[in-house]
Amino acid sequence: MPKFQPIRTTGTKGGENLRVVWLALVGLTLLSVLIGESGQPSVTGTVFVCLVVVLKGRWVIREFMNLRNAAPLPRWIVTGYFLVMTFLVGGAVSYLQLTAIP
Amino acid sequence: MWIFIYAELTEFGFFFLAFLVAKLYFPEDFHAGPSQLNTLAGLLNTLVLLTSSFCIARAVEAIKHGAQRRTVVWLLCTVAAGVTYCLIKAWEYQWNAAMGLTSRTNYFFTSYYYLMFNHFLHVVIGTVTILATAVLTALGHFTPNSHEGLEGAASYWHMIDLVWILLFPLVYVLR
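Chains as they are written, first to last, in our numbering: chain A, 1 to 102; chain B, 103 to 277.
Each hint should be verified, as a subset may be incorrect.
Under 7 angstroms between C-beta atoms, here's a sample of chain A residues computed to sit facing chain B [claimed, not checked]:
hint: 1; residue: Leu18
hint: 2; residue: Leu25
hint: 3; residue: Val53
hint: 4; residue: Tyr81
hint: 5; residue: Met85
hint: 6; residue: Val93
Which chain B residues face chain A? A few, computed with CB under 8 angstroms, are given here [what the hints assert, rightly or not]:
hint: 7; residue: Pro129
hint: 8; residue: Leu149
hint: 9; residue: Ser257
hint: 10; residue: Val275
By construction, these hints were calculated from the structure, which means they are not laboratory data. For glycine and all other residues, C-beta sits at the position ideal for the given N, C-alpha and C.
One chain only, chain A, in its complex shape (with noise of 0.2 angstroms):
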């Protein structure tokens, strides 16, 4: 079995820019909990719930997949599913929402 030698490398560019993905979508999360949480459920409280999804997938997507310099097909079937399904729970619950007998 071929063996490598480990380089020593600390503190890599890409390395800071995961921890700045990571510390953003650790803040979106606890800022869409509370925006879930506070208050009665309003069409535009899941809106903007479902907008953090969005841009919280992009990330995860673009950034820890590393999707961004990927060939368009696996990209864009990844960022549509997740588009596609964010869109369908967004639309259901703001329906329900709008129809509920106060």
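Knowing the structure of chain A, use the given hints to seat chain B on it.
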């Protein structure tokens, strides 16, 4: 690997659709359900999974730089995150049981347990896979020029995280 990931995403897509259809048919159960859940457990697991995705992304970056030991450390951090997720889930299920909430409570809880258990199974499979990947890395199986297996395992783990990013607001937050 990508065909497998697409198949998994399709499976979860059907689960999401089933959940939404049930939500439209039983709006009262699904309106009251999320506020009965342990949101803290859901939030903690979201943070754990996001952190695990960060760890495995660092592992992939490390192997590209030939940093074998650092790759193993990041992979083991991912495994630790997977185990933490399972422990939080166990606490959440115990908390539910103490509150008298089971899969037979109403349609919301039936859907909740079905979705959560499926995702939990994927986390367990992913954790075991990442652990095996860490062992292979420690044995020198992956190199900067040949690490497709590690990238495949990482993509699978990111898929688990992606599903949870949508699952968490759908089940715990949106009413």
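Outcome of the hint check:
no., hint, result
1, Leu18, "5 angstroms, holds"
2, Leu25, "5 angstroms, holds"
3, Val53, "6 angstroms, holds"
4, Tyr81, "5 angstroms, holds"
5, Met85, "6 angstroms, holds"
6, Val93, "5 angstroms, holds"
7, Pro129, "5 angstroms, holds"
8, Leu149, "6 angstroms, holds"
9, Ser257, "6 angstroms, holds"
10, Val275, "4 angstroms, holds"
Of the numbered hints listed earlier, not one is contradicted by the structure.
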